[in-house]
Structure formats: structure tokens, C-alpha cells
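Spelled out from the first residue to the last, the chains are:
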Amino acid sequence: MRLKRLTTTGLVTTCAIGLALSGCSVKDPEAGGIGGGGGGARGIKTDVGVTADTITLGAMTDESGVFKVLGLGITQGNQMWAADVNKSGGICGRKIKIVPADTGYSAEKAVPLYNQLKGQALGLVQLIGSPILAALKKPMVNDKMAAIPSSWASTNLDVPNVVMVGPTYDVEMINGLSYLQSQGKIKNGDTIGHIYVDSEYGKNGLLGSKYYASKHKMNVVQAPVSSTASDLTSAVTKLKGAGAKAVLLTTTPAQTASAVGVAKAQGLTVPFYGSGPTYTPQLLDTPAGSALLSGQFLTDALMVPWNSTVPQAASIRSQWTKANPKGEPTFGPIQGYVFGLVWGQILLQACSDGDLTRAGVLKAVQKVSVDTRNLTASLDFTYPGQPSTRAQFLMKPARVPGGLDLVQPQAYVSQEALSYKTPFQK
Amino acid sequence: MSEAVEAPVVTARRDHETVRTAVKYALIVAAGIVVWLLPAYVKNEWLVVLMWIMTGAVGAMGLTMLVGQAGQLSLAHTFFLLVGGVAYAVFASKGTSEYIGFGLPTLLSAVLAVLVSAAAGALFAPISGRLRGIYLGVASLSLVFLGFWLANQLPSLAGSASSGRYAPSLNFFGFDFGVQTPSLYVLNVPMGQTERTFWLFAALTAIAYALGRGAMNGRVGRGWRAVRDNEAMAAVMGVSVVRQKAMAFAISSAYAGLAGVMTVWWYSGLMKPDEAVDHGTYSTTVAISFLAMCVIGGLGSLGGSVIGAALVFGLPLALPLIRSEDTVSAGGTAFTPVVITNLIYGALIVLIVIFQPRGLAGLWDRAIRLVRR
Amino acid sequence: MTTFVQAIVNGLGEGAVFALLALGFVIIYKATETVNFAHGSLALFGGYVIYRAKEHLPWFPSVVIGVVAAALLGLLIERLLLSRAKNATPDSLAILTIGVDIVILTEITRRLGTAAAPFLGDPYDSKPMHLFGATVSRTYVVALIVALLLIGLFFAAFRYTNWGLAMRAQAENREASALMGIRSWRVTASAWLVGGGLAGIAVIFLATNDIGGGSGLLASHTVAFAAFPAAVLGGLTSAEGAVVGGLLVGLTDSIASQYVDLNFASVAVYLVMLLVLVVRPAGLFGRVEQARV
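If you read the sequences in order, they're chains A, B and C. Sequential numbering from 1 applies to the first sequence in the working numbering. Sequential numbering from 1 applies to the second sequence in the working numbering. Sequential numbering from 1 applies to the third sequence in the working numbering.
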């Protein structure tokens, strides 16, 4: 018996060593990704995620966590864009393939998924969630991976890998205050309340409101909340007590419902202005719905609303409705499509530079300005560290598909927003 | 007469022991070789999953000693992870206008971080000594809430809750674990940051296991078990109950602190507190998960906590990697890999408690006994 | 002053809901020595059933169906799972309920999909009323009244019915009560039934814009977590303690969020609990175990 065990151990050891020495490793450092070699079609330089006939882009999305409403819509938009591109012959002679990866809004799950995607994809057409961007930012810089995040804190513009589409939170708040003042809702010297999630998102918005207040001798009363706090009664009571003439929100949609609903219950009738992520059409079915529809609440978005008359928006709408006859539309599909258009322009630039490597893509980003077929204001990525646009579409909640209507047809940009210096502006 | 009978028995036992030792060393060497070669064969995403399991295992080993051996229920484990991670970031990184940092050597910083966590655990002793069972469990949960709040109040130490702060990778006497342009090759595969960190984590897990085994089999472990089984009796027998309890908490927290440092390394040096108390790396949810690891593995079993970590920390990360390329459903009611993972994970916990109340370690022991018979 | 009145009313209303949850929690603990980590899921499940029923029925019958469903789920968990795990220690059973909690939470979140967050407080949610010169939300007042009525009913049942006698006997000494002819499984099962039902009632106040906030039903699982400190603070073996603990947690939360800040409020709850436990290690009304050698 003793002998048997010894033999077994010996066997195990021999096997392990034998396995190790039996020639070369099975692992390719960037397995699966290297296609087309150095040459590829038409002598274009490539590395990961590009073969002779396909360009693969990853989408780090959320299909099962707290942001699944957003994640699903954006991914659909990404895929619609890819389908449209492929129908018209692709980019650089290659088809676009999108590989979605569901993080469930968890940084732990995102890390292995990113490690898997980085062996397959040239870049990321979508990246949802600030905890996930935080966890991946350094690996992305190391891997020269470019990504379009679905978060807009200007404090993340310190690296060229973060390709931010649309105005940043600080700029949004500046424009919002400027609009309220232009409408005579607030005046110089007023007290403004700002309820914000105590995170990169909310703090970036606060940067904007403080800047505008400093230019107009306003006083900002701050009410920080944590991202999961859902009952904002105390925050609203505080701002009411401080005599706020307007309330800014950089919060989650659930918090918007709570704040606006509580304000109504407490008889606080001042205007509310929320950043883009504060609103989803689903809020109209909450008890705060009537208050939201009363015109007290305004918000904005980087792109036109769902029911827009812009032809490209109409085309997205009809495609989406055909695929999802019973679905409730959000702003996700149009946003995802815009993200795709930006990537398309970057890829075209990299292609004409003859360099479809990751490094080539990063260089191409800083050369492009993108015409998004009127879905957004024109986007300009040639100024590193600055938002790609400082204009936003002002919106009000409405009982229409998508839940939002334009306040005015053209994008709004204020003088203060143009003169504001973002943290990493050079 | 009696001598004549006894002699062969002794030789046999000695012989037996020699063989056992030989087998043990052979196995250790074999395991070492496997760990050395694994990064050359396994894709990075799987290495990352394995590393996360090892991080969980080190933390769970600390908790299983506290709960299973010393009989003190704790739901504060993630608090000590947070303390360890923050301490490492503060000691190891250079100070800036935004963050406090001392720029100490990384190895020293890691050791200091573990000591700071142990001290934090010992500081909790006056409270942990007074409470028992579930009362202690829920009381310790308050540390997680406190840690969340403090970390959000002190971004100059813990990093901002949304973008965090960065700490350097370990530099072990010139061997850089965070290297970006590796010059070391194993079987023609370059050993970069992920591969090297995998080795580091495997070594740390082995050390943590060996130290834990030593403590449990020695005087320390006997003291703990005496306190666990009957405090009054232990006191009568001359065991200092207060000291044993404090020491158990300190040692357990040291393990958690090490797991916290490993967490920072796993995130490529990022130290980031959570945005919410019940969602994220140091959340109440993970604190409860640590307890689940210990129970699944078998309370008090170090090997069991590794199995527990594989299930609780490994499964949710591994399953989404095995996915088919799907199109997205609009309703958001699809069984995504994340949903399936959570369902399997929850169901497994239920099944293990019903059918294997002593945890998977108990199953393992039974299997071994069957084979040996 | 009006702010103070508001904070007190909010705190009491919220606290009454926590008291309902904590009471169910304590009943389950007394009967089975099991810490029920799935308590939030019982509430969530009841709320989900109400939400679905409301699509076809008026509010009140839907609520009745949901409360019954939550009670039955409690019963099922006990009969199908806990009673099968005969060799498990109370600690392992607590872990088992974690598993149950994960399954229910995952499945209901999946089922809700991307639909709008459900709200269940139709008759009172987001409707202001005036009280002592302050404007307060009706939900808090209704919650306080309903909870006090139910708690009174429970204490009467606990004291004057056979079921109450059996419960008390089993909590006192399980073996002796079995010898006296009390059917242990019935007591245990009924405890889970009552605990589930109370959670089902609590959810109609949790899933409101006033207490749960804008996430409606989705937040109720998280908010229900406050039943933990409430039950422990009062003493896990004491029904009276659960009620006092619930109110104390509600008041602490409301006052701290009003006068310090929202982030500090949840920490404050736990700090108060810690303070109580340091002075009284088995909670305010809990039974202190005697050490015997």
C-alpha cells in the first residue's frame, strides 16, 4: 500500500513535469486577437481585434445590474450602427463585430471580462459605470485601449483613452443655470440648492454649479447623498429651509423621483434642473410623475430625444420598434448609435493613416471631429482634456414615446460654459 | 518479550512517517512546479479569476479561524480588508497634494498594512469580548457601515469613492510584480504583471495556509477551541478568555488586511472605496459572502475556506467568461450569465447546508476516509 | 419647529415599519433560533405579488393576496428547506437563508426587467397632510397607525391564545414543551407564517415614494436591512424589544439625516446599536444567558 502511494505521487510529479516540458506553451500572450499580421489588406498595420475582414469592438455593458435599462438600450444602438455599417460595405474593407460583455455593474466581474475582451477587441464602443471605468482605467492605458464611457465626469479626461462623447456634468450644470437665468427663473445673488450623489458624478456637477454661482454672486447650498439613498426627504427639507430659488440635481433617476415628489408634497415649487442621467421615461409612472410633467423639472441630453424629427433618429426609431414591438423606448438606442458613429469616424481616420493598431486608434482619436447626422451637436475630439462639445439639448418630460420633448429645437450653449476651464484643459 | 514485540512496530511507524514526509515534500514540489508553469498555459482572464479566488481564500482563512475555531461570529471582515488596502496605499504611494502617502518600500508597506489591520482588530476587542453569537455578528456589521462612511469622508487617505487612488505594485528586492515590458519568459511566454501577480498570490496563499495551520494545531488553537466550547470552563482552566478573544480577532483581521492588500494589487494598484454600503468590494454583501465561504467550506477548516472562496468569489467571475455571443433582449428579463450565476450560487448554498452541514471540507474528509479504508 | 415635528413623524412612521419587520424577525428567531437573512426577500416577494395582482384587481384585495403569499413563502422556506436540514447548526441555517435570499432577490429583479419601478402605496403615497402645523406625508401616519394596531393584535394573541402559549413554551424550553405535548413543528411553521405575513404588510409602506424612495419596490430589500439593527438593539428574544428597537432605529435615522446628513444616518443607526450592546450585551430587553460550568 505504501509503495502504491509512493508510485502515485511519483506519477503525479512526473506527469506535471512531463506536461510542462512537452514542448511549447498553449498560451498565446494575446491569444485570438492577432489577425492579418503586420500586413493585412492594403498594407494596413494591425494588432489586436482586426483581421483581414473583421474589426471587433467590445461593449462593457450592464444587462443585469442597476443600470440595465441604460445598458440594454445602448448595446442595441451599438448593434444597430454595426448592422448599418456592415450593410453599406463596412469600414476599411472590414465588417464590424460587436462583442457585448455584461458586468452587472460590478467592478469584480468587469476585470476578468476586460482581460478576456482585450485579447479579442480593438477597443470598447461602450463602457458603463464609474466604478468600472475606475477599475479599468489603468489597464486600459497600459493596453492602449480606447473606450467610450457612459459617464461624463470631466475629471476622467486626463488620459486620451477615455473618449467622452458629449458635454461633461460640470458643463451641463453651467448651461442649465444659464438657461434658468435667461428665463428669469433665477437672478444674480440668489441661493441655489444642489442635491448631488457624493461621487465623481455628483462632485463634477457641483464643480459646474459653483463656477456659475461664482460668476453670478449666487450661493450654492450643497446636499450630498450616497448613490443608494433613495429617500431624499431630508435633503429637500434642508434646501427648502435655506430658501433655495432653484434646485439642481445630479442624482440617480430614483432620487429624482423622490426629490421632485417630496418637493411637491412639501409645497416647494421652485424649478428643478437635472443632469442627463437623472431622468428615465419610467419615472413618469411613479408618484412623482405629475410633478415631473408640470414643467417644474427640466433636464438635458447630449443627443436629440426619441421622438425627434431628425431623419437618422426616425430610422433608429423604426428599426428599434420593429425589433421590440412591446418595448418601452429609452434614450439608450440613439446614444448607442452615436457612440457607434464616433467609433466609425475614428476607424476611418485610423484606416486612412494606415494604422489600425490600438496605438494608431489612439492617435486617430485626436484628429477627428464627428458629424453625427444631427443626432448631437458637432463633436470635436481634437482638444485633449476638453469635452467634445459644450452644447446640450434642453428637455422637458412629456407623455410621448421616450418620455422627453425638446424645450427648443437647437442645442443650447452658454457663454459661461464656453469660458469655463475643465480640470484637464491645456 | 514485550520489547521484542514493540521494536518492529516502532520501526514501522518511523518508516511510515518517513514516507509520509517524502510524499508531502514531493507534493509541495509538484505544486510549486504547477504554479510556476500555470501562467504559461492559462489565459489571463482565468489567471485573474484564480487570483481573485486566492484573495477570497486568504480572507476566508482568517474568518474561519475566528468563527470556526474561536467561536466568534463576525460580519466585519470587509472592514478589515478596507483598512488593509487603505493602509497599504497610504504607506506605499508617494504623497501628493490630493493624497496622503509616505512612499515607503512596497514590501515594508504590505507588512505594515497587515499589522495596522491586526491592530484595528485588537482595538475592537473590548466590544467583541463582551458580546456573543449573533449579537457580536450584527455589532461587527456596524464596522462595515463605519468604514464606508469614514472612507467617504476621508478621500485623502482612502481615495475618492468614484475614481480611487493608486498604489504601486510589489517590488520584491528588485523583482517588479507590476512590470509592463517583461523580460522574463517561461516556455516562450512573457511573464507580465498578471502572470507575476499570480505567482505572488499563490505564494501568499500558501504562506497564509501554513501559518494558519501552525496556529490551529498549536497552543493558540487549543486556547481558542477551549474558549469556543465553554468560556467559563476555559477560564477555570487558566486560559485568559479576554486575551484569546482579542488575539483571535487580531489574527483574523491580519488575514483580512492581507486580503485587502491583495485586492489593491488585483485591481492593478487601485484603492477605491465603495459608492454604496451594500454594493461593492467592501460592502455588507461581501462581508456576508465571506461568512458564506466559511460555512460552505466547513467552519474552522482552512482547506474548506479555499473551496468556499472558489465557489463564492470564483463562480460569479468565471461563469460570465463562458458566454455565447448573444443579441440583447429589450425587456431586461433575460437569463444573463450574471443572473444564472447568482441563481446557481444561491441554490448551491441552500443545498450544501441541507445535505452537507459540515461543509465541503466534511465531504472531503469522508471521501478520504472511504479511500483509506 | 415644523422641521422637528416632521422629523419626528417621519421617524416614528418609518420606525413602525421597521418594528413590523423586526417583530417578524424576532418571532422566527424565538421559535427556531435562526437568524433570517431572507427577511428582506419575504417583503420583496410579497410586494412583487401585490404589484402583479394590482394589474387585475383593486388595491386592497391585491394587498391581501400579497400578504398571504409572503406568509406562505415563509412557511415554504421552513417546511421545504429548514426542516430538512436537521443536522445543521443555527449558524448554518442562517447561511441557508442567505442562499434563499440571493435566489429570490435575483429572480424578482430579473422579472421586473426594465419596467418602471413598482409602487404599492396607492391610497396614501405622496399625499401631504397637516399635523401640528407641519406638512407631513400621509404614508408615515398611516404606517404608524396600521403597525400599532397589528402589534397590539399580536401581543394579545401572544398572551391569550393557545398558539401564543405554545410559542412562549417552546421559546422557553424546546424539549420540555415537546414533552408537554406541544407539536414543535407547528409552532415553528406558524412562526415563519406570521413573520412572512408581517414582512408582506411592511412592504406596502416600504415600496412608496415617501419611505422607500424613487426605486419603489426595488429599494425595499435594502431598506428592510434596517430590521437587523432594530431586532438586535431591542434584544433578539424579545417581541417588545423589536417594537422599541424599530422605533428607535426609525427616529435615529430620521433625526440624523435631518440634522447631520443623509450619509451619516445609516452609520448613526449602527452606532446607537453598538452603544446599546456595549452597555447591555443582549440588547435592551434580551435575555442574558447565565454561564454554567
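Since the hints were made in silico from the structure, they are not lab data. Heads up, a few of these hints could be off.
As the list claims (entries may be wrong) - Some, not all, of what chain B presents toward chain A, calculated at C-beta under 10 Å: (1) Ser160; (2) Ala161; (3) Gln193; (4) Gly214.
What the hints assert, rightly or not - Chain A regions said to be covered by chain B (calculated; three or more residues, Cβ under 8 Å): (5) 83 to 96; (6) 151 to 164; (7) 192 to 201.
For clarity, every value in this text was computed on a predicted model and none was experimentally measured. Ideal Cβ placement from N, Cα and C applies to all residues, glycine included.
Hints, one by one, checked against the model:
1. Ser160: Given a least distance of 7 Å, the restraint on B/Ser160 holds.
2. Ala161: Because about 5 Å separates B/Ala161 from the closest Cβ in chain A, which is inside the 10 Å limit, the hint holds.
3. Gln193: With Cβ-Cβ at 8 Å, under 10 Å, it holds.
4. Gly214: At 24 Å from the nearest chain A Cβ, B/Gly214 fails the 10 Å test, so the hint is violated.
5. 83 to 96: It is violated: at least three residues are needed, and the stretch 83 to 96 of chain A offers just 0 whose Cβ sits closer than 8 Å to chain B.
6. 151 to 164: holds (count 3)
7. 192 to 201: Coverage by chain B holds here, the residue count being 5 at a Cβ distance below 8 Å.
When held up to the earlier numbered hints, the structure conflicts with 4 and 5 and fits the remainder.
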